[in-house]
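J.: Here are the chains, one letter per residue:
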Amino acid sequence: VKFLIGYSADSGGTEALALGLQLARAAGGSLIVCTIVPETWGHPSMARVDAEYARFLDRHAQKALGKARAQVGARVPAAYLCRAAPAVREGLLEIAEREAADCIVLGSARAAPRGHIRAGSVNTGFLHTAPLPIALTPHGYAPGPAAKLCRITCAVSPAAEAIQTARYAHRLCGRLEVPLRLMTFVVRDRQMYPTGAGYDAENLVANQWRAQATEGQHRIAAALPQDPHVTTGIADGRTWKAAFESVPWKSGEIIAVGSSNLGPLLRVFLGANATKIVRHATIPCLILPRQGA
Amino acid sequence: VTEPPAFLSRLLRKKPIELLARDMGGAEDAEHKHLKRGITLFQLTMFGIGSTIGTGIFFVLSETVPTAGPAVIVSFLIAGLVAGLTALCYAEMASMIPVSGSSYSYAYATLGEGVAFFVACCLILEYGISAAAVAVGWSGYLNKVFEIVFGSGLPAGLLTAPLVADGYRLHFGGEGILNLPAVILVLLCALLLIRGATESARANAIMVLVKLGILAMFILIAATGFTVVNLRPFAPHGFAGVSAAAGTIFFTFVGLDAVSTAGEEVENPKRNLPLAIIAALVIVTALYVLVAVTALGVQPAAEFGGQEAGLATILQNLTGHDWPALVLACGAVVSVFSVTLVVLYGQTRILFAMSRDGLLPELFYRVDPHTLSPVACTVVVAVFVACIAAFIPDAVLWELTSMGTLVAFMVVSTGVIILRHTRPDMPRGFRVPFYPVLPLLSIVSCLYLVSNLNPATYELFAVWLVLGGVFYLAYGVRHSRLERAGRRAP
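Chains F and X supply the protein sequences, listed in that same order.
For the first sequence, the residue numbers in the working numbering are 1 to 293.
For the second sequence, the residue numbers in the working numbering are 1001 to 1490.
It should be emphasised that the hints constitute simulated quantities derived from the structure, not laboratory data.
From a predicted model like this one, the values you see are computed outputs, not experimental measurements.
Careful, some of the hints might be misleading.
[Said to hold, decoys possible] Residues from chain X shown here face chain F by an in silico Cβ test under 10 Å; the list is partial:
| id | residue |
| --- | --- |
| 1 | Ile1039 |
| 2 | Thr1040 |
| 3 | Ser1103 |
| 4 | Tyr1127 |
| 5 | Gly1263 |
Ideal placement from N, C-alpha and C gives every residue a C-beta, glycine not left out.
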């Protein structure tokens, strides 16, 4: 299994590399640490336009990769690449294709609040087109050097397409040798005021949704290959934040979300509810491409 | 296989309060304590005002002044009094159940399935039909805005229903094809509900301010043109006219029950429930009466009939300027929009509760995984309400709403008396004062208002009840969750 790290010499790069290390060690896989630098004007010319700049960029990138080397050490096999591209996303996707990477790991935007994920200018693009899974870390993600991946929680809904997402996550769990947990979010912050239907009316809807969620989880669990390690859970709360906090999360756990069925097949496309999960997650997120039926 | 329960016992079976509490309880209730919302007296009063004003004062004068003359003021007082009595009775029944629900759920837990289904039929009139009625009134104000801003309104064919009420008897005629703005409003609200939009307590407070603001503006401006001559003769049709108008006007007090349903969610319900009901009622009634008095002082009673966007038109005629009418019409458009949203919401959640109890098909309680809201239920309600708003004239809708609400409240008031006898031990967060006089008075006054409604309304109501009854016997009685629970029990 190859994990492609979108590396830069800042906190985002360090976080991404830390998660990549964790994943690669769990999977017995390897890393491709890649730094993308701006393309320079490489055509030969008398004035050697941009040559100095290109040299500077190269030095800068090598320095960054050196830092990455130090972080990885000899714990997992890793390749270090530097590539010039007109855009970070373009460069990374090209490398991913050339090197047949299985997953791209990215850090959070610098503007994100500590412990949370926000999609920055680079991430946003990936979240709506990437042909392979995208892993995102929360801002300031720093697992210890010995931290191990211990579980993948897959966010599912009772919708039909969730079975495909769960299957994908289950296969992934098999390769990474970690247990799978299916999780459905029951968020009810939609009580209307004033109302003649009572001020508990939304509880009724939430309870029904919970029942549907449980039923859906059983259906999904039944569709997965027999596995005693699959557990289920319901995250419950008036807001997404409260729902997230209502269930225990382990350190070394990541949450996987599927793509919206509005997006193209086999591509990552973050839907409305998945966006909310990513936004409120305090652990790394893995966004899976949309799976066919 | 056990014998199916006898018909009468099916009609009378009650939903156990524990089951109701489980249905309506939050998830955290099991592990922690029930999370009280702690609605304050002020908030509750605002809820009462917010849900009451907007369901009619903007439209009802054009219909009722021709019936009662200037004595319509008395009709407002009578309707307000009845609304207060019923709201107090309702509050006692609501406070017997530790969760906050609709009168359908209270009736199911205390009076039995048959009564509950009957109440639900009335509630569909109170919510579904009143949503349609409000949407029709809204379209008049929207058209007024268009007229002032663009110089011409919508074509009449797209603004009025094809059915016309001739003495409340419906027949095709007139130039109307359908009431397009009303349909659009209902569908827009449904879209918002599907997307999960809500009116928060704060949004409600803002809407209350908008409504109070524009009504105050109307009163202040109209007061400058007050002429006593317009109030004479005071009651051209005698007390019969006043009573008949009071029946229709009761519609404008629908929504006051939003206070009663708060039940245990309120801080200190024993004190705050009646206070909030009375405070909201006094404020609302005072406003209504002031609006009616000033409107009548400006314009002779004969001119009210058939006036669309009545209050705005009165201001326009009085001042000779467009802007006061425009401000009022815009305020009405915004605030009535929110009322429609709230009323439609109430309707979807009541049907949701019924279908979860097995009395309606499963379709109504399925929650859509993408929007996390009951989409199918919302769509069905929206289509039903939109059709009614499109094709039926508002006068009929007002009367039907009054009918449904009054009958539902009669049942509730009777229930209060019955339960004092059959379940004297049950704890009540709030007890009506002057028992048994007050509930009896409530029943009698409801009967009085109902008796003044138009015969054609009785016919429609009867048809509706028969349809509901047939549906209950054919479907509900056998699919009820209690039926299944009864079979499982040894």
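J.: Determine for every hint whether it applies to the structure shown.
T.: Do the hints match the structure? See the list:
1. Among the interface hints, the one on Ile1039/X holds; its C-beta lies about 7 Å from the nearest C-beta in chain F, closer than the 10 Å criterion.
2. The beta carbon of Thr1040/X comes no nearer than 13 Å to any beta carbon in chain F, farther than 10 Å, and the hint placing it at the interface is violated.
3. For Ser1103/X, the suggested interface contact is upheld, since its CB lies about 8 Å from the closest CB of chain F, less than 10 Å.
4. The criterion of a C-beta within 10 Å of any C-beta in chain F is met by Tyr1127/X, whose closest approach is roughly 7 Å, and the hint holds.
5. A cut of 10 Å between beta carbons decides the hint on Gly1263/X: the least distance to chain F is about 8 Å, and the hint holds.
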